[in-house]
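J.: This is what each chain is made of:
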Amino acid sequence: LSERTAIVVYSERGSLLYRELARRIHATLIEDGSVAELRSSLEPIRHEEVSLLLVIGPCSGTKLPPAHRRIIVLSEALDSIRQNGLRKALSSFDAAFDIGFVPQKERYLLPDVPYCFIPDVPTMNELSALARVRPSERSLPWALFGLHRDAAEATLVHELVQLDPGGFAYMPQAQLLRKGAETAKPATFAAVASKARYYIWHCGSGSAPCESAHYRRALLGGAVPCRLGDEVLTGIPGSYSSVQELCAEMRNGDPYKLYETALNFYISRGSLSEHLEKALASV
Amino acid sequence: VSDPGATFRSLNRIESGVLADHLSSKLPVQNKAADGITIFTPSWNHRLYLPRALRSALSALDHLAKTGFDAEILVVDDASRDGSQKLLRSVRVLYDEPRLKVLFLNRNLGLPRLRNLGLRESRFRYVCWLDADNELIPENLPLFLQSIVDTGATVVHGNLIAKREGRIFNLKSNTAANMHLSADNQIDAFALFDTERLLRLGGYHPWFYSGSDWEMILHLISEEEKIVFVPAVLGYYYLNRGSMFWEAKQNRENLKFLTRRMYAQTGTREWDPEKVGLTYHPEVGYID
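If you read the sequences in order, they're chains D and W.
Throughout, this note's numbering is defined as the position within the first sequence, counted from one, plus 3.
Throughout, this note's numbering is defined as the position within the second sequence, counted from one, plus 15.
Hints listed in this document are in silico derivations from the structure and should not be mistaken for laboratory results.
Keep in mind that the hints are not guaranteed to be accurate.
The calculated DSS-like cross-link candidates involving lysine-lysine, where the alpha carbons are at most 30 Å apart (straight line), are [as the list claims (entries may be wrong)]:
1) D:K91 <-> D:K281
2) W:K241 <-> D:K198
3) D:K198 <-> W:K81
Covered stretches of chain W (chain D as the covering partner; in silico rule of three or more C-beta atoms under 8 Å from a C-beta of chain D) [said to hold, decoys possible]:
4) 60-66
5) 154-163
6) 169-177
7) 182-196
All residues carry an ideal CB built from backbone N, CA and C; glycine is no exception.
Produce the entire structure from the sequences given, and follow the hints as far as they go.
T.: Quick look at the structure:
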């Protein structure tokens, strides 16, 4: 990486979570000694300076400069509808990097653009920060983030209230949010994670964009990460398929042990720079 | 309209007149105690549901006391015909709780005027509207009271878990006030209000009856009052046949037409979507 000049571009109008991911990737390249710059899609980029262009998230409508290699970095559920929407945007790239917890190769439908999975693991800075986290007493028994669509989400809130009423429930109406908008800003998630014992995000039948970001934020804040979705992510501690299963764990489990298990899993898979290095070498 | 404020000033005078007609000749009460809350329960023919609401309110008194807040429960029976009065007298004797006050009206006032009565008669500056068929989560009322004190908001609302026929149905009041309020109400009256501000703005308008809570929220937005969503659960909202919800549903289209026309003329379309409602939690501060 050290010999490359990379430009990391994020969409000015896009998701804040993707913007956060762009900052992490930029930090990773710098940690590795690369010459790397972080640019918004609105900033002009001189053509001659680009040898590697990493576009973080969909940047539709953005005029991107030519580069030696152009890679798009995604962190969301690659279902067929989403991919059809992205098809045109993806076709102008040399590769698509998918950052997350679970590879989605079998769902990937664009054979012309090589797919590469990168596990979402901590940067070197995040590893140091995680080593300093000491989960302590928490003022919020639980914090829940997600979108409210139907009775299932209301039942989830009810079950958590029955367990302990004093939780933080942030479940705005799905139809009231702008398409693709986040429920809250990354700073809010982080502030809540630093107060909550359990940090729960509800992703329903799909996966939320940059879902692994919730896991990282929970751990950095000292909270136990809990993912609630229809599908259990095998091998990932803190993944639950039903509210009953989640509540049973919260009722009977030791939050300090659960935190430790999740932390050990998260830091055991190496650093983001190792995985990014490998991925860049493979395309 | 060259001066939208003039429309509102004029409207306020009309509303103050309505209050004076139906309540008393006193001027709006000011300087109420700000260190506590009045849980106000208007009731008309809700004998069956009252015990559930009152049990939650009585428990909330204890939780408020533990956190250093004073409180009272004010129940006003709006000339019920189902024997609610007998039940309320029994409850008063059974609990022997001086903070539980019950008023009986001889003549039915209807919900908006009953709420206006609550605004005037509450001992405390802050009031929580607990309709007779709803239920508070007692442990959480101190958090909501702390939020209205911290933010100086006129309204603080939180998640309500709606139940219909014994089943969880959906969440209500669960999103910060936004532009969609001009199309339909998303903030139920089951929330905390600053009585002084509401009285100054003329209280609830009696014309709107079951839609008076929506009209009040639109009125507050137009007056640039602070509306704060707290991401915690305030209580359970029950959708019962024959309740205000069903009546409101029947009249929804008429109500929408009236309300939209009124507020479209007085600036609603110019709301700044980013500033209509705020989100706050005492443990985290303002959230965006």
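J.: Evaluate each hint against the coordinates.
T.: Outcome of the hint check:
no. : hint              : in the structure
1   : D:K91 <-> D:K281  : 27 Å, holds
2   : W:K241 <-> D:K198 : 26 Å, holds
3   : D:K198 <-> W:K81  : 22 Å, holds
4   : 60-66             : violated (count 0)
5   : 154-163           : holds (count 3)
6   : 169-177           : holds (count 3)
7   : 182-196           : holds (count 10)
When the structure is compared with the earlier hints, a violation turns up for hint 4 alone.
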